[in-house]
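Protein chains in written order, with the working numbering: chain U, 495 to 553; chain D, 5 to 251.
Hints in this document: simulated from the structure, not taken from any laboratory. Don't be surprised by glycine CBs; every beta carbon is placed ideally from N, CA and C. Keep in mind that the hints are not guaranteed to be accurate.
[Said to hold, decoys possible] Derived DEER-like restraints, expressed as beta-carbon distance ranges:
#1 D:R243 x U:G526: 27 to 37 Å
#2 D:W123 x U:I529: 28 to 38 Å
#3 D:K120 x U:S499: 18 to 28 Å
Single-letter residue listing:
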Amino acid sequence: MSFDSFSDFLAMGGHAFYVWSCFALGLVVMLGNVIAPMLERKKLISEQLRRIRREEAKS
Amino acid sequence: MPRWFYQLASPRWCYQITGKLLPGFSIAALFLIVGGTIWGLAFAPPDYQQGNSFRIIYLHVPTAYMAQSIYITMAIAGAIGLIWKMKVADMVAKCCAPIGASLAILALATGAIWGKPTWGSWWVWDARLTSMLILLFLYFGIMALNSAIESESTAAQSTAILALVGLVNIPIIQYSVDWWNTLHQPSTFKITEKPAMPPEMWIPLLILVIGFYCFFAVTLMMRLRNEILRRERRTSWVRELLMQQRG
C-alpha cells in the first residue's frame, strides 16, 4: 500500500479531484460500452419476435 | 487460404464462435481491469515529480492505446471487406467505430484532466494532442459516413476507404513525441528499450493494457453479434434462434 490511511488514499496527495474525476469518467464510458449493446440486443430480439408473430397471424 | 478464413466469412459461424468466446474474455477483462486499477491506484508508488496525479496514467495510456489499436483493426477489417467482399469484415469495421470513438474521447478527457495539474493547462495545441483529436474526428467522420449511406455494401466500401486513408494519422500520433518538440511525455513502452519507470509502476499498466484489449474484444463481439442478427434476420437460422428465445 502506497498510502498511510484510507483518507490519505482518497485525498490522492491533494490531486483527488483530478484522479477521481478521470476514473469516474472511465467507469461511465466503460459501462456505457457494455450496456449499449445489451439494450440493443434486447430491442432487436423483441422487434424480430414481433415481426414473426405478425407474419404468422397473416398466414 | 486456410479453412478458418472461409469460416470467418460465415455470419452464422461467427455468431456461434463469439458466443463461446464471450464469457472467457469478459471474465479476463473484468479481473485484469479491476486488479490493475486497484494496483495502480493504491499500491504503485507515487511519481517523484508528479506525486499522485500520475496515477491517471493507468486509465490514460490504455485508452489511448486502444483508440489507436481499434482504428487499425477497423482499417484492416475494412480492407478485408473491400478485397474479399467479406460481409463479416464489413460488420467488424462498422462495430469498431463507436467503441474507438468512446475510448478516444476518454483518452483526450483524461489527458486534459492530467494536463491541468501537470502542465497548468487543460489543453495545448501540441502535436500529440492535435493528432489524437484528429483521430477522434476520423472516427466521427467514419460513423457519419456509414449512417449517411443507405446501402450497406456501399456504406462499408466508402467507410473502408476513409478508414484506410486516415491510417496515415496513426504513425503521426505514435512518433509525434519524437518528431516535434512537445509537452507530452515520450512513450511509456518501447519495443527496443526498457521502460523508464520501475516495474512496480509499469506492471499494473501492462496488466491494464491487456485488460483493455480483452474489454475491446468483449464489446466488439457484443456489437458484432447484434449486427449479425440484424442483417441475417430473414434467414432460417436466426429465425430458429429467435424461436428458442421465445421458448
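Now for the hints, and whether the structure bears them out:
Taking the beta carbon of each, R243 (chain D) and G526 (chain U) are about 31 Å apart, inside 27 to 37 Å as hinted. Checked against the hint of 28 to 38 Å, the pair W123 (chain D) and I529 (chain U) passes, with Cβ atoms roughly 34 Å apart. Separation of K120 (chain D) from S499 (chain U) is about 26 Å and conforms to the stated range, judged on CB atoms against 18 to 28 Å.
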